[in-house]
Amino acid sequence: MGLLSKKDAALIKDPLADNNPITIQVLGICSALAITAELEASIVMSISVLFVLGVGNVVISLMRNIIPSKIRIIVQLIVVATLVIIVDLVLKAFAYELSKTLSVFVGLIITNCIIMGRFEAFALGNGPWRSFLDGIGNALGYAVILIIVGFFRELLGSGTLLGIPVLGDPIEKTGLYAFGYENNGFMLLSPMALIVVGIIIWVQRTRNKALVED
Amino acid sequence: MEKRTDKNSYTVIFAIIMVLVVGSLLAYLAASLKPTITENQRLEKQQNILYAMGVNNNDESSAVFVSTEEAPKLFSDKVSEQIVLEVKDGKMISQMTRQEYMDANNGQEPYLIDVKKQKSNAKDGKARKLPLFVGKNKEGKTVYVAPIYGKGLWDAIWGYVAIDENMVVQGAYFDHKGETPGLGANIKQRYFMDDFYGEHLLTESGAFKGITVAKGNADPKNEDKMDNEVDAIAGATITGDGVSAMIKSDLKLYKPYFDNLKKQAN
Amino acid sequence: MFQDHIKIKNMEHIELFFKSIFIDNMVFATFLGMCSYLAVSKKVSTAVGLGAAVIFVLAITVPLNWLLDQYVLQPGALSWLGAEYADYDLSFLSFIMFIATIATMVQLVEIVVEKFSPSLYNSLGIFLPLIAVNCAILGGSLFMQSREIATLGLATTYGIGSGIGWFLAILAIAAIREKIRYSNVPPALRGLGITFIITGLMAIGFMSFGGMLTGGDEEAKEETTVAAQVVPTEMNTELANNTKIEE
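Residue numbers (our numbering), protein chains in the order written: chain F, 298 to 511; chain P, -6 to 259; chain L, 319 to 565.
Quick caveat, the hints were computed from the structure, so don't treat them as lab data.
Please note that a few of the clues may not be correct.
Below are the DSS-like pairs computed for lysine-lysine, each with C-alpha atoms no more than 27 Å apart in a straight line [unchecked claim]:
id : chain 1 : residue 1 : chain 2 : residue 2
1  : F       : Lys367    : P       : Lys0
2  : P       : Lys129    : P       : Lys256
3  : P       : Lys112    : F       : Lys397
4  : P       : Lys134    : P       : Lys245
5  : L       : Lys433    : P       : Lys0
6  : F       : Lys397    : P       : Lys27
7  : F       : Lys397    : P       : Lys110
8  : L       : Lys361    : F       : Lys506
9  : P       : Lys170    : F       : Lys397
10 : F       : Lys397    : P       : Lys144
11 : P       : Lys84     : P       : Lys144
Label pairs and their computed distance ranges (CB to CB) [said to hold, decoys possible]:
id : chain 1 : residue 1 : chain 2 : residue 2 : range
12 : P       : Gln257    : F       : Leu473    : 53 to 59 Å
13 : L       : Val503    : F       : Ala314    : 20 to 26 Å
14 : L       : Glu402    : P       : Asn1      : 36 to 42 Å
Using N, Cα and C, we set each Cβ at its ideal position, and we do this for glycine too.
In isolation and in its complexed conformation, chain F is listed as follows (with noise of 0.2 Å):
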């Protein structure tokens, strides 16, 4: 990366695995689990953040020395659901099918807590240009595990991939299902959403053991 120094490369590269902000940083885990039941959605959810958290963190940078520290909180959210807000407005006038696909995230983007905690933790201490990195890091590190829980979840519970079906046809009986395969109704339900996410952590964690607790 020639457009980057070393310091601003780590800030993208580190929060894809070893501070990833799903499985280290546990934040934004609410949206995780009630949206991966479909690849699609995973990734409609990830474009959306990248977007919040890229603006809103170099909104806030550019805030931070205005800011009174005594509500800082409140002044975050409201940037965070102004923006939302905009955007959903902005959609729902010259994008009408867009913004009925992407209304059901609204409330989960204003609510993630992954967009608080990088405003909190990096965005009030540094410059437009890192928070912006940051951000992009961070959003982009989230998005490998939503789209990997979402892969799985579609694939094992569904039998599609961004619904085209891949392992035949469950009710003709072709493809896998020919040889008595079905589909794991229960990767479906949202606890499994949890359970996917653990696993994701236990292979992370073996295979880097710097990780592991205690």
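Starting from the structure of chain F, add chains P and L where the hints point.
Only chains P and L this time, still in chain F's reference frame:
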């Protein structure tokens, strides 16, 4: 040394400026975009009603509306009449044609009646207005489309159900505000909505029963149309119950109209 | 007659109360407030502190936001100001207003508690800022709005119930985490990993509460049994007509 930003006066002034800026920005946006948004919602309602009536561009597997450009023309062509019924305490108290309704309500079209508001009116003991859209489907059969409204797991769900004069479903469209993607959100998928086609809302004896979205349905292929049941979506129990509940509570109110229709025919 | 009325009113409260604790449990059914649930559940004592603070804040903010929703935000809510305000629809502001109320209340509670009960402040204090960003709190207010809870009293019941549900969840997981230290968990799963998996299993357990009948369901059941009894013989057709729901 105390920082400038820690002072109470600064905090108060900052808060006031923030509220003013954010408030006026949002108010300005909301006010200036409102006409476009209302127009979009109006077209969507037309598309929804047409969809339930069977006027749509469905391909093999997914639900596709008629385009927004075509919608207004198709709507005025296909929907031959919009009836407004008024119900109070479970009794029908009046029936208006589209023209009568528009004359009484500053030219507002009946399909723009806010179902949610009417439902809360009924809860307060006031009369509830029930719109009913009459038209012909592809087979040339007369169908009646009724809007329904209810609650899912997270937020509101609603829909439009087309029925014939025997209260047999001829088409259905469901939508939601924020159900779980992949689970409850699938009520707007073809495989769920198409299941309703041909289901009876009445029992064989003619009493109103509704249609239940049933788990552990003995009839997953949905061949028995008289069982008042369709197959539920796995993992979406509460949304499914919401669909059953809104069909039962809202479509029940239309029964007197169809009873009258039958009496007149005899 | 009057006593019956009170009974019905109470039933409504009791039903909503238990429903919000068990069936609609914030953590296990809707997965809200997960972040602080996972981060602050290492010890029972801290978990109790945070749980109590959540009950307290939910019990205050849900009714407060209910008032805000009824008299300011809903379409037509401003009609108490005069007929010319009846057409205003401020519902696009609800997210911001709810969040502002919550953050303000949390900060106010912090100041008041610090002033009047230093000992309570010492045990609760550090958790209060955490609560403003706990999505269970905002979730409580948003559910209150979307589920159209009818009265101020019910909103309070709902707030307290959801709070207790959250308290119960964090207390349970903290107790398990204290004990699991003595178990032979694979090293890579220790801490966060096993907590995720246990929470998943607990959530599956809580799903069984979804089968509990509430008052509304029973009514629906009776209705269907009446309809089901009506065998379409000629003798029964008349009976069926009499039991028609509309008449």
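Evaluation of the provided hints:
A threshold of 27 Å between alpha carbons decides the hint, and for F:Lys367 with P:Lys0 the separation of about 9 Å falls inside it, so the pair holds. Taking the CA atoms of P:Lys129 and P:Lys256, the gap is near 21 Å; set against the 27 Å cutoff, the hint holds. Among the hinted pairs, P:Lys112 with F:Lys397 is consistent with the structure: their alpha-carbon atoms are about 24 Å apart, no more than 27 Å. Proposed proximity of P:Lys134 and P:Lys245 is supported: the alpha carbons are some 22 Å apart, at most 27 Å.
Between L:Lys433 and P:Lys0 the alpha-carbon distance is near 20 Å, which keeps this suggested pair within the 27 Å criterion. A hinted pair counts as satisfied when its Cα atoms are at most 27 Å apart, and F:Lys397 with P:Lys27 qualifies at roughly 16 Å. For the given pair, F:Lys397 sits about 21 Å from P:Lys110 by alpha-carbon distance, which is consistent with the 27 Å threshold. At roughly 24 Å between alpha-carbon atoms, L:Lys361 and F:Lys506 fall within 27 Å of each other, so this suggested pair holds.
Only pairs whose Cα atoms come within 27 Å are accepted, and P:Lys170 paired with F:Lys397 is accepted, the gap being roughly 8 Å. Using a Cα cut-off of 27 Å, the hinted pair F:Lys397 and P:Lys144 holds, with the two alpha carbons roughly 18 Å apart. Simply put, P:Lys84 and P:Lys144 have alpha-carbon atoms about 24 Å apart, close enough for the 27 Å limit, and the pair holds. For P:Gln257 paired with F:Leu473, a C-beta distance near 57 Å keeps the hint of 53 to 59 Å intact.
In this structure, L:Val503 and F:Ala314 meet the distance hint of 20 to 26 Å, their C-beta atoms being roughly 22 Å apart. In this structure, L:Glu402 and P:Asn1 meet the distance hint of 36 to 42 Å, their C-beta atoms being roughly 38 Å apart.
In this structure, every one of the numbered hints holds.
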